[in-house]
Amino acid sequence: MIGGIRRVLAVAGNTFLEAVRQKVFAVLFLFGLVMVGGANYFTEFSYQEQFKFLKDLGYASIGLTGLLIGLLGAAQLIPGEIERRTILTALCRPLRRWEFIWGKYLGLLFLLFVMVGIMSAAVWGVLHWKEGQLIASEGGDPAVAGLIRAEARDPRMLQAVLLVWVKLAVVAALAVFFSTIATSTTFVVAMTLMVYLIGHLQSVAREQWLESGEASRWLVKSFLVLVSLLIPDFNLYNLIDEIVAGNAVHWKATLEVTGYSVVYVFILLGAATLAFEGRDI
Amino acid sequence: MTPAVRTQGLRKEFALGWFRGRLLAVEGLDMEVRKGEVFGLLGPNGSGKSTAMKMILGLLRPTGGRAEVCGYRAGTISARRQIGFLPENPYFPNFLSGIELVRYYGRLSGMGGRKLETRIAELMELVRLGGEAGKRPLRTYSKGMLQRAGLAGALVGDPEVLMLDEPTAGVDPAGSREIRDLILELKERGKTVIFSSHLLEQVEDVADRVIVLHRGKKLREGRLEDLLSKKNEWQIRMQGLDERGVQLLGESAPRERLEDYFLRSLPEESRK
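Heads up: the protein sequence lines correspond to chains A and B, in order.
Residue numbers for the first sequence follow this note's numbering, beginning at 1426 and rising by one.
Residue numbers for the second sequence follow this note's numbering, beginning at 6 and rising by one.
No lab work stands behind these hints, which were simulated from the structure alone.
The structure displayed is predicted, hence computed values, not measured ones.
Treat the hints with care, since some could be wrong.
Claimed, not checked - When the alpha-carbon atoms are kept at most 27 Å apart in a straight line, the in silico DSSO-like pairs for lysine-lysine are as follows: (1) K222/B x K120/B; (2) K1448/A x K148/B; (3) K140/B x K40/B; (4) K1448/A x K1555/A; (5) K222/B x K40/B; (6) K1448/A x K140/B.
As the list claims (entries may be wrong) - Which chain A residues stay away from chain B? Per the calculated CB distances, all over 12 Å, these: (7) L1482; (8) E1506; (9) A1547; (10) A1673.
For each residue, glycine too, the CB sits at the ideal point set by N, CA and C.
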């Protein structure tokens, strides 16, 4: 068991190192940071609107950068290793295939964790800087300063960060699943993006399925059932928008979405392991 | 004694895609490699050498038959603990340095701590990549250096059996000689080495036994002495023979070159 964990960590460490040493990820990361920093220059709104705008653009930047990094990273995981034939020298060792899959996934997850962490710190930094700027411009009125502080130091942002990371974790697991059955990185990116988009419409399909009566055709009904059960509901992560809008979101709801995501990650990685187990390299 | 590698009726078919049929890559391969010997896999391109190797390594699942490594079924964790592999034209994660590569492979083999670091230092010296060379990124390595780094990676788990697929392909003569010397050194250390090569002179230099494959089937197998010696011919080109020399002449027969033997073994249409 310890040997297995050690091997999983070795693969994870190598995956993380590979991503960190690649220029494309550094460029994407910088792009994300520039977006976060750039939001600071939109100043012609009220302070509430400015904070909302900063948070909105900040989390959108984290989500977009994370999506690109997660997609590109996961797409290269297995097809890239097969194309470069580096997989041969890894899998001929006493390494189980599930250890390889989990190692790859955990490496990517850690990369996303670091990226989300650093970018969130940047968002908080920008908010903090804005807080000081606005308090100074309001002439130091303690009542207004209190309101500005409450906006800038909203503790619910921690929930938003967790939800962004968890959403990216599901996207990465999807990409890992497709990478075990694909032969090219383009296929992985295309399929993951497709499922990601369908995932945003999943709730519509589920409602249609639940509301459709006996009258609907079995083919349509089967399709709706399939979409509802197989594809994760990405609308659940709209809680992030609620937090940014300043609406109350309970930790219970955040943890429920996290639990839902963990279940999907396990299902996807289990399917990935099954698909990869019998694959000729 | 349990053989290092044994295959019985090993067979591999590849599906070529929908409605395109199947390709038979290896058919009914029976082969036995004894512990401590250097075994050469010969055959033209597409003869099934790499496919056979990959089945022994567990990277490909046989369509039929079975393969064993040191008595363990090929592909199992126990079998893979006994085996190290250097693929043809290997591409390693080029963001790593030579030392990092060997360390990564060591960790995948379940090693760690001081034991692994000592082993890395020993191996980097063995493959002549000690000192600063081992700290350089792999993307700055020459082909020969990459092969030697790969060899160190294959040896890190201290396997009984080493499989080298075309280890000297694309390597200059000096690098090629270094790899040949390493194979002989490994043999001296008691390792079993199975390798494929198109450089028949090199195979002749190092192999104890060879197998000749053609279109997935075994054509010949045996000791080089037995395969290459011309049993019913004698060729005498000596002057002033002493008694011992005359005695030796009586015992031995002249050998043909492996290249000639190899070409003679192939079906006529393949020789053209």
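> Would you say E1506/A is clear of chain B, with no C-beta pair closer than or equal to 12 Å?
Replying inline: violated (9 Å)
> Keeping to a limit of 27 Å between CA atoms, is the pair of K1448/A and K148/B held or broken?
Replying inline: holds (25 Å)
>> Need the status of pair K1448/A, K1555/A: alpha-carbon distance at most 27 Å?
In response: Given pair K1448/A, K1555/A is violated - Cα atoms ~31 Å apart, limit 27 Å.
>> Does K120/B sit within 27 Å of K222/B, going by the straight-line distance between their CA atoms?
In response: Violated: K222/B and K120/B sit about 43 Å apart, past 27 Å.
> Has the given pair, K222/B with K40/B, been kept, meaning a C-alpha gap of at most 27 Å?
Replying inline: holds (23 Å)
> Has the given pair, K140/B with K40/B, been kept, meaning a C-alpha gap of at most 27 Å?
Replying inline: Status violated; Cα separation ~34 Å.
> Can we trust that A1673/A is non-interface, i.e. its beta-carbon lies farther than 12 Å from all of chain B?
Replying inline: At about 46 Å from chain B, A1673/A clears the 12 Å cut-off, so the statement holds.
> Does the structure keep K1448/A and K140/B at a Cα separation of 27 Å or less?
Replying inline: Holds, at roughly 21 Å.
> For A1547/A, which was marked as not at the interface, is the minimum beta-carbon distance to chain B over 12 Å?
Replying inline: It holds; A1547/A is separated from chain B by about 26 Å at its closest Cβ, greater than 12 Å.
> Does L1482/A really sit off the interface, with its C-beta more than 12 Å from all C-beta atoms of chain B?
Replying inline: holds (33 Å)
Against the hints set out earlier in the document, violations occur for numbers 1, 3, 4, 8.
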